[in-house]
Structure formats: C-alpha cells, structure tokens
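Q: Going letter by letter, the sequence shown gives residues -23 to -1, 1 to 316 in mature numbering (1 follows the signal peptide of the UniProt record, and there is no 0).
Hints may be right or wrong, so weigh each one.
[What the hints assert, rightly or not] Calculated pairs, BS3-like style, for lysine-lysine (alpha carbon to alpha carbon, straight line, at most 30 Å): (1) Lys111 x Lys71; (2) Lys71 x Lys110; (3) Lys179 x Lys71; (4) Lys107 x Lys71.
[What the hints assert, rightly or not] Taking CB as the label site, the calculated pair distances span: (5) Leu155 x Ser93: 57 to 63 Å; (6) Ser167 x Asp126: 28 to 34 Å; (7) Ala194 x Leu72: 39 to 45 Å; (8) Asn86 x Ile38: 35 to 41 Å.
Honestly, the hints are just simulated from the structure, not real lab data.
Cβ atoms here follow ideal geometry from the backbone N, Cα and C, with glycine treated the same way.
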Amino acid sequence: MNKPRLSLLSLSLLLALGGCVNREPQQMPVQILSAPADQAQLTEVVPIEQVLRPQDVLDVIFHIGTTSQQRYLVQPGDQVDVTFLTAPELGGSKLVLPDGSIDMPYVGNIQVAGLSAEQARQVLETQYAKVLKKPQINFSISHAMAQLDNLRTSLTNPATGLSREIVVGSDGRASFPLLGSLSLQGKSLSELQTLVNQRYAKEVGSVSVDVLLKTTASNEVFVMGEVGQPGAYPIRRPISVLEALTLAKGAGPTARLDSVVIMRRKGNQVEARVYDADAALDGKALQFAYLQPDDMLYVPKTRLAKAGALSKQLADVIMFQGVGFSFGYRVDNKETNNN
C-alpha cells in the first residue's frame, strides 16, 4: 500500500534553547504536516532514530593509516625541500606553516597544503617566473604526515588506545582534532560518523573514526494539553505516543486524539506533525509514532485542520504555567482567518 501524500501547512515558531526560558528567542521556521482527512489513519509515522543532544558524551575511536593508494598531499607541519637548479641560494628546507603556506624569498608565502609534490613544484615555478628567467625547481617532501604523527601522539593512551571523549556543548557543537568545531545538533550517530569521516578524508587523509555514544544527558519528553497530568516525564528510550499518554494519566474527556501534535527540533528547524492516535488505538495505523528526548506531545481540544488552529491553541498552553522545559516554544499566529 502506498503511503499517503502529506499536505503542508506552515507557521512561525520562536524557539528559545539552552534550558532557560528567559533567553532571547530565535526565529525558527516550522512545518506542520498532516494527512488528508480521509486518510488520517495512514498518517506517516515520525522517525525514531535517536539524535545527539547537549551534554551527550561521545567515545570517538580513531583509525590512522600509514599507507594509501592515493597521492600524498602536503599538510601543515610537513617538512619540504625546495631546490633551484639555477639559483641554489634561494632554496632550502621549509616548514609548512599552520595556514598551509611556505615562506619563499622574493615571492612571499606560497600555498602548498592540499597539493601533491608535482603540483606544488608547478605553483612555485609559476610564481618565480615573475622574478626569474625560466626557473627550474625541484620540490620534495622530506618529512610527511606530520599532522598524523601529532594526532597519534595526542591520542595514545595505555587504557583507551587511539580514542578521545568528546562532549556535545550547550550550543550543540563539539570540537574534533584537526577539524575544529562542528555542529552536531539534530544529527544521529550514523550521520555524525559519516560527516566526520568525509571531513577527515578531505582535509587530513588517512584517518577514519568510529563514533559511539558513551553517556547521554537526562532524557525527558513533554506532554501538554488535554491529558490527566501535563508535564515532563523522564524516559530511557524512545517511547510511543500511546506510552506518553499513559505516563500523563491518559487523555481527558475533551481530548481529540485524532489530532495530537508531535513537535521536534530538526537542525535549525522545528517540525510539528499532526498524528491520529485514535487510529493507533483502534489498530488502524500502519505504524506507531514515537517520541524522542525533548519532543513535545500536545493533545488539543478540537481537531486541528489549519495552521492557524494549531498556533492559536499552542499559544495558549506552550508558554506553560509552572512546567519547566529544557526548551521553550512560542507560536505566532500568522493567519488572519482562523475559522
């Protein structure tokens, strides 16, 4: 059976992150996705792959190769030899600086990082053709893989081998050796591992990593609206919408379970999906929807057919009364017609 095509509604969401509701909110776009009314029982399930969050601790295992079938490219920290056949006094041994350049007489700093020895030779001859007549230059790498040697030295530990613990910061970023700060917000472990390996392959060379989740920050989901006990609930794993309703003492007498809303941050956006929990209770849904840490489940009083209807209800409840969230939502109703 084909999955139904999702109709797209939109509104604006102001999201304040970082565990403090009095921070200045940031404008963030929101998508509200819902199925056509006649296919509500087939609403697409929300994915359950766990994403990284601030204060998660990663165990990154490094694999540093010493051989490669690819041409070696000059790296910062390498020692190179430059020889001039017609002007030997201009040559000598040069250290590739952290910015990837070498300092050469008369022509200044020349970028060589990321080039093969032959490419670097051609660049030097092109530059010296401006000051010498038909320069002939040899370029060789006398001490290669200096960055990898430094990385291996900094990582080597009798207890853990070539590995490092990396903590996701409160801003959703983390620093990796030789790569610097990367944004991890909204990424799964597999997505992060792919990204880091691509960056190492492009910028460093014979380095690959395995990324493991060592410890995770305390996990909560938030259940609001027409439920017996709205609030935050600790979880140890992704839980289904029906489990979340059970934690919140069930749905209230005026709850519309055919229009519950799951809100989740995805990178620089927040996504809200309208889900038919009634269909799940009746066994008519294709799959169950699941909540991840920091997700919010909202159970409305009336069926939500328009973005305006959702924004109006959320505006009344999501800036909460006495419930502490690790993030805060404010919904701006951009529609003028909410009938």
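Q: So, for every hint listed, does it hold in this structure?
A: Structure-based check of all given hints:
no., hint, verdict
1, Lys111 x Lys71, "holds, 22 Å"
2, Lys71 x Lys110, "holds, 23 Å"
3, Lys179 x Lys71, "holds, 24 Å"
4, Lys107 x Lys71, "holds, 21 Å"
5, Leu155 x Ser93: 57 to 63 Å, "violated, 20 Å"
6, Ser167 x Asp126: 28 to 34 Å, "holds, 30 Å"
7, Ala194 x Leu72: 39 to 45 Å, "holds, 43 Å"
8, Asn86 x Ile38: 35 to 41 Å, "holds, 36 Å"
The earlier numbered hint that this structure contradicts is number 5, and it is the only one.
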